Amino acid sequence: MSQNAQTPGTPAETGETRRILSAADIDRALTRIAHEILESNRGAENLVLLGIPRRGFPLAQRLAAKLAAFDAFDPESSLGQLDVTMYRDDLRRSPSRVPWPTVMPPRGIDDATVVLVDDVLYSGRTIRSALDALTELGRPAVVRLAVLVDRGHRELPIRADFVGKNLPTSSREKVRVRLSEIDAPQDRAQPQADAFDEVVIEG
Amino acid sequence: MNTQTTETRETTGGTGRWLLKGVSPLGEEATDVLVVDGLIAQVGAGLSDDDLDERTTVIECGGQILLPGLVDIHTHLREPGREDAETVETGTRAAAKGGYTAVFAMANSNPVADTAGVVEQVWGLGRDAGWTQVQPIGAVTVGLGGKQLAEIGAMAESRAQVRVFSDDGKCVYDPLLMRRALEYVKTFDGVVAQHAQEPRLTEDAQMNEGTVSADLGLTGWPAVAEEAIIARDVLLAQHVGSRVHICHLSTKGSVELIRWAKERGVDVTAEVTPHHLLLTDELVRTFDPVYKVNPPLRTDEDVQAVRAAVADGTIDVVGTDHAPHPTEDKECEWTCAAMGMTGLETALSVVQHTLVDTGAITWRDVARIMSRTPAEIGRLRGQGRPIEPGEPANLVLFDPAAETVVDPATHASKGRNSPYRGLRLPGAVKATFFQGHPVVLDGALTQPHPAAGGR
Amino acid sequence: MKHLLSTQELTRDEAIAILDTADRMAEVGQQSVKKLPALRGRTVVNLFFEDSTRTRISFETAAKRLSADVINFSAKGSSVSKGESLKDTAQTLMAMNADAVVIRHGTSGAPQRLATTGWIDAAVLNAGDGKHEHPTQALLDVMTLRQHRANLTGGETQGTDLEGMHVVIVGDILHSRVARSNMWLLTTLGARVTFVAPPTLLPVGTQHWPARIVFDLDEALAENPDAVMLLRVQRERMHAAFFPSEAEYARWWGLTPERLDALDRAGATTAIMHPGPMNRGLEISSEAADSPRSTVLRQVSNGVAVRMACLYLLLTGDDAQ
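Those protein sequences? They're chains A, B and C, same order as listed. When we follow my numbering, the leftmost residue of the first sequence carries the number 1, and every step to the right adds one. When we follow my numbering, the leftmost residue of the second sequence carries the number 1, and every step to the right adds one. When we follow my numbering, the leftmost residue of the third sequence carries the number 1, and every step to the right adds one.
Keep in mind that the hints were calculated from the coordinates and are not lab data. Everything numeric in this text was worked out from a predicted model, so none of it was measured. Careful: at least some of the hints might be erroneous.
[What the hints assert, rightly or not] Pair ranges (Cβ atoms, derived):
| no. | chain 1 | residue 1 | chain 2 | residue 2 | range |
| --- | --- | --- | --- | --- | --- |
| 1 | A | Ala195 | B | Arg424 | 52 to 62 angstroms |
| 2 | A | Ser123 | C | Asp264 | 54 to 64 angstroms |
| 3 | C | Glu258 | B | His239 | 50 to 60 angstroms |
| 4 | C | Ala95 | B | Gly14 | 55 to 65 angstroms |
| 5 | C | Asp216 | A | Asp89 | 23 to 33 angstroms |
| 6 | C | Trp252 | B | Ala409 | 54 to 64 angstroms |
| 7 | B | Thr358 | C | Gly159 | 47 to 57 angstroms |
| 8 | B | Gln304 | C | Gly190 | 33 to 43 angstroms |
| 9 | B | Gly63 | C | Asp13 | 53 to 63 angstroms |
| 10 | C | Ala95 | B | Gly63 | 48 to 58 angstroms |
[To be verified] Covered stretches of chain C (in silico footprint by chain B; criterion: 3 or more residues with CB under 8 angstroms from a CB of chain B, positions within the stretch not fixed):
| no. | stretch |
| --- | --- |
| 11 | 17 to 24 |
| 12 | 130 to 144 |
| 13 | 204 to 211 |
For glycine and all other residues, C-beta sits at the position ideal for the given N, C-alpha and C.
All chains should be modelled from the sequences, with the hints used to inform the complete structure.
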């Protein structure tokens, strides 16, 4: 049995590493996405953010803070976390992983505009799982998708509504998103809240 | 030990001339041994050319060890009754391959060997097979039931000339019955071989009672259940002036009791199995019933104690308790499985590994504990004799430098329940001479003794 | 993890992964749709050689909540009672393409035999074997203890062990697979274990066990343990002279109303646990069983979550390179 498999902070053993987004780039992208969400939803009414673990959730938290700053969005009642592990279609093929909690926003998701938030959009299978998970939790009015990076190579008819950066990649490459909330070394005092943020390509 | 009184059959002639060149009797100085028509004809280096006529087969031994043919005081041949597990034919083939020229066949067949008829049947089957001498053991009580003495006298005076009596597999628990048996066999210098197991303390017992049984939750077979019976029986034997043999002693406490009894002058002999010299109850953690045996595998402390007891003479003999079982009786859950292990074909290697290679005993001692003393206990003439001119040529040629990875599928026994499967053990039986005839040559079975079946 | 045979072999990280997963599974039980698709198309066989409706239903519920197909095979009235061997029974089930076999057996080691003989290649989950182990029972007990502590401290259960907790287990240790599994798991997770039992119901050979053994229940309870777990007394034990009478057992080793009062007076936060089914009036009084301290029903619901977690972890990642 293995714990969640991602090992952040370790560059691939071979090949070079290119930084695609810096901390400031990530912050700017999230600011833009927040504005786009408010624009398409015509404000924050009925808006719910659901972050997909692991790194989708801190991104959703950051988006929620921006939405709260720009408009009448209440993270306390409208931000949640949606784990999709049990709905994946590759459970036999990839190592067993411990699911993360699903935390429903107190207002619920029925009749809401739910924005799913994830770090990287790739095959689309995670989002397919998320849509299945959602149907068992309630019936949103609209479901949208926000991602920090869209790297292409879709295997399902799924697209993002809000994208931080479109990033053409080879399928051999790995896109790693590092966020301070998760990837900062625990034993080190952090000089800045976003000191460890970055998006890199390996290989 | 008294002189041997049991009449055995005449030595047969017509088995040819065999010269063992460069062989080490009892692992000592290399010499040549000439076997002619069932007897050892000459022992000495550089036998003259006159001895090497065209009728003589020369075996170059290269310093391999020559021992008197082994004698197993404790074998289960399963016939009659469980021919699916073993027959006299297959069991004696296994014995020959293991270097045994005589085996004592335990009485727990079906029907039980509690009458002259059954013991004569087993004895005759052994003669007909011709691989090794089969000497039946008679039951102490009717049907091993522990209630009524079996026809001990009739078995003693039968053609099988039974001298050893045992309810092995069951303990002669009733102290009064045990006393009577001990007394009665004095008539013909017999012996009672006790399976020491206090029945109430071992109800449903599955394994040694100790730390491993505590973890596994298997019902324990406590050492005290063995020791309590041994203590009682050595006292009884002393009281009535009989001799008593303790089968498959397995605990440190039992060793101490035997030592104490011998110091007091009790006429007691004690036996240990090869598996109790090597294996411990830690193996039960695998839950593989190949390790299920009665008495159970004990702790390492017990293993060390029984080894030391063999070395200092407290334990007199190694007996295999060869107990073959069909596959289905072991291929199951632990509690459903039969108790017992095969042993005839691995005993000498295990003894080399645990006692000789460790420096505890010499090959001369091996001859004593695996041949001479077992024959004496059973009053078996013509077995366990010195390697000297004029003696019956019951011999085993053993290569201590060989190594064998145990593969039960290659065993001559029907039983595949060897606990040593996959284990690398030292030594290999190269040849077994049974009354002058090589039933095993180059490590392989040849032909039964030419006189077999025709007598 | 290929099989779950015992808690003795579980590492701390493996145990916490199961418990964290079980926490997630418990959330599913609160949803309107109490079902996950994770094991869709997989087949779980409940192979029960001993009657245990509770455990079988718990496993069956767990498998069904994960969308697995379930085959219940009870030895009674089956070919097993006609002498069929464990090997043949197991291989018959494999011919039905079972992915996991949940086995309850009266013989210690039967699950390990299934897992190690090569008779079958399914995942084997021990649902209680002889007097050996009952790993999912210990896991659900530990899950309950994690919740008990989190409720008192307001903390999280996720990722936590039981460091510093003290659990008193009372009763028939000798015959109890629940006691053994709990001892190994509790100590692996940092808890301290005290066994309280009549000396006749303790095994010989416990010197290496990571548990303190005392005969006096009041002495153990005076330490205000975090939990006291009462083991079921099999009534047939009485006839085998393990103790003189039920009344004496209850007086010395039962959780009587007086002992419950003593805990209350001491202000202890001791939870009262029982693996069920209870003998009210023998090892546990009705007052104790029905007190707010009792976690008996919580244990039952946690049982489903723990078994979901185990099935999920055994049956995912099995084709991973």
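Structure-based check of all given hints:
no.: 1; hint: A:Ala195 to B:Arg424: 52 to 62 angstroms; verdict: 60 angstroms, holds
no.: 2; hint: A:Ser123 to C:Asp264: 54 to 64 angstroms; verdict: 58 angstroms, holds
no.: 3; hint: C:Glu258 to B:His239: 50 to 60 angstroms; verdict: 56 angstroms, holds
no.: 4; hint: C:Ala95 to B:Gly14: 55 to 65 angstroms; verdict: 59 angstroms, holds
no.: 5; hint: C:Asp216 to A:Asp89: 23 to 33 angstroms; verdict: 57 angstroms, violated
no.: 6; hint: C:Trp252 to B:Ala409: 54 to 64 angstroms; verdict: 56 angstroms, holds
no.: 7; hint: B:Thr358 to C:Gly159: 47 to 57 angstroms; verdict: 51 angstroms, holds
no.: 8; hint: B:Gln304 to C:Gly190: 33 to 43 angstroms; verdict: 37 angstroms, holds
no.: 9; hint: B:Gly63 to C:Asp13: 53 to 63 angstroms; verdict: 57 angstroms, holds
no.: 10; hint: C:Ala95 to B:Gly63: 48 to 58 angstroms; verdict: 57 angstroms, holds
no.: 11; hint: 17 to 24; verdict: violated (count 0)
no.: 12; hint: 130 to 144; verdict: holds (count 4)
no.: 13; hint: 204 to 211; verdict: holds (count 6)
Going down the numbered hints, you'll see the structure goes against 5, 11, while the others check out.
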